[in-house]
Amino acid sequence: MSNANTPPPVPSAGPAPTGPGSPRDVPPLPGQLGIDPATLPEPIRDELLAPDPVAIDTAAEELKDGLNRCPKCGATEIRQRPGTDLLICMFCRNEWHGQRVEEEFGLGEGIDQLKGTVIASGARDIEADASVLMTFKCTGCGAEVTVNTENAMTARCHWCRHVFGVNEQVSNGAVPDAVLPFHIRKDDAVARIRQFVDKRRLFALKEFKEQFTPENVVGVYMPYMIVDANASADVAGHGEIKTREYTRGSDENKKTYYDADVYRVQRHVDFTVDDLPLESSTERSDFNTRVNTNNIINTILPFDTKNAVKWNASYLSGYTSEKRDSDVEQMRPRVEDQLLSIARAQVESSVGRYDRGVRWERERLDLHGTRWVAMYLPVWLYSYHQPGGNGGMLHYIAVNGRTGETMGSVPVQQWKLLATAITVGTFLEGIALWILGHTS
Amino acid sequence: MSDGGGSLGLLALGPASAVGLYWTLYRYYRNTDKSHAFERETTVEAKPVTGAEHDRKVDEVKGTQQKRIEDDNVADYRDRVERMDGDSS
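Each protein sequence line maps, in turn, to chains A and B.
Residue numbers for the first sequence follow this note's numbering, beginning at 741 and rising by one.
Residue numbers for the second sequence follow this note's numbering, beginning at 4 and rising by one.
Don't take every hint at face value.
[To be verified] Straight line, CA to CA, 16 Å or less: simulated EDC-like cross-link-like pairs of lysine to aspartate or glutamate:
id : chain 1 : residue 1 : chain 2 : residue 2
1  : A       : K1050     : A       : E843
2  : B       : K70       : A       : D999
3  : B       : K70       : A       : D1095
4  : A       : K1046     : B       : E44
5  : B       : K37       : A       : D1026
6  : B       : K60       : A       : D1026
7  : B       : K50       : A       : D974
8  : B       : K50       : A       : D1106
9  : B       : K50       : A       : D1010
10 : B       : K60       : A       : D974
Calculated directly from the structure, the hints in this document are not laboratory data.
Next comes chain A alone, as it looks inside the complex:
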């Protein structure tokens, strides 16, 4: 037996592969196969002619050079009009509306006909070597402008003041198919956060209260996958129906007993799900409440994703953004888990006759088809870092940028809360002892 530490022999540097079918060959034009599929047997032909996974192309051809121009005057100084889905040109005050992706790409239709995995072009797999830094050549002056897509999607040319936005659907996952613009204004978000914290002051951490400045809230576009699914589910288990209830024992030691019939129960349901939102950032989809408060941001879902508009980086001007880093296949287990939960919720009403409950023991999901659309959703985020072991804890208070739903994590002054709980417990224990002392 050879030594395991010996490296494998270096392959001899023979001639690089050449000829048809090798990487040295000039690639054929898209859609060209070299043979007529009509001459092939049907199963092979069907496979060859089947559509590619990218079935919905949401890329905006007119915005590829990074310059979002006003359709009226051609200026690049474009912003979202606060509180609306409108874009406004800061130069000529022209206003226009982004196209809703729901109608443009038919995202609300045909869910019950979905087969296989349909991925919109902005939700494609992220390439490992794709850079987060995007460099544009300014068409106004020729200077190079860099945008760090990790946290921003727009930048200004330092020389000629042109505003650039990342619009090309690059393979680093930064550009989604659609964006849902902020409707809740900053003042409103600040008021909601203040209201939320005002209801939680008594036991809040002293430092948190001292440093509380809701004006520091940040508007963040968070990356999500919006999933439509066509699925069937089967569940099987046992249910019980009470047949008799009776008491035994003397007055002082009465016990209630039950008789029940046990049934083997199984259910099947076909269902479709429209616009299920899922965090498409690995960090944000970790809901371990011992080390983070990402569940807070999860709680303010859902959004009115039907109103999302086609991607245009101008909507992100003045806001920060986070980048998607999960591919469809990585997120599939989470989708299946949530679909099973939905199926279990759907069958609950059909087992109402089992008044002693049902114990589901086995379940199955048949996922017929899914459709994935990448979307940026608006969240107002206030954060407070509580020092502690393992880097402490980052507490979020989040406001849904569309519905205003607010949720948060307020750090607790542990000793105060413990002392209060023990005081109340001792007081009640005192009453209990007094009652016991006077009745025995």
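Since the structure of chain A is provided, determine the placement of chain B on it from the hints.
Chain B alone, transformed into the frame defined by chain A:
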């Protein structure tokens, strides 16, 4: 109060209320139990549930003190159980 169960219950009042109060307030501040209720907040269109016609009585339980079936999970939608064969995933 002469029966032992009752006085034990009364003695446990203090510690139980202390723990209960602590957790209630802790959750109210930290909201660690909250998440997106996708089961009811997502648009779901389901065809009528089938399978009720196959329900069969298989056993009887006599004289149990449990109010519910053991490991009742009819409302714990997110409690995953064993996957059946032929699962597409």
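Here is how each hint holds up against the structure:
1. A hinted pair counts as satisfied when its Cα atoms are at most 16 Å apart, and K1050 of chain A with E843 of chain A qualifies at roughly 10 Å.
2. Our distance criterion of 16 Å between C-alpha atoms is met by K70 of chain B and D999 of chain A, whose separation comes to about 10 Å.
3. With a C-alpha separation of about 10 Å, the suggested pair K70 of chain B and D1095 of chain A falls inside the 16 Å cut-off, and the hint holds.
4. Restraint check for K1046 of chain A and E44 of chain B: satisfied, since their Cα atoms lie roughly 14 Å apart, inside the 16 Å limit.
5. For the hint linking K37 of chain B to D1026 of chain A, the alpha-carbon distance of about 14 Å falls within 16 Å, and the restraint holds.
6. For the proposed pair K60 of chain B and D1026 of chain A, the alpha carbon gap of about 43 Å is over 16 Å, so the pair is violated.
7. Proposed proximity of K50 of chain B and D974 of chain A is supported: the alpha carbons are some 13 Å apart, at most 16 Å.
8. Taking the CA atoms of K50 of chain B and D1106 of chain A, the gap is near 15 Å; set against the 16 Å cutoff, the hint holds.
9. A distance of roughly 6 Å separates the Cα atoms of K50 of chain B and D1010 of chain A; the hinted pair therefore holds under the 16 Å criterion.
10. Straight-line distance between C-alpha atoms of K60 of chain B and D974 of chain A comes to about 19 Å, which puts the hinted pair past the 16 Å bound.
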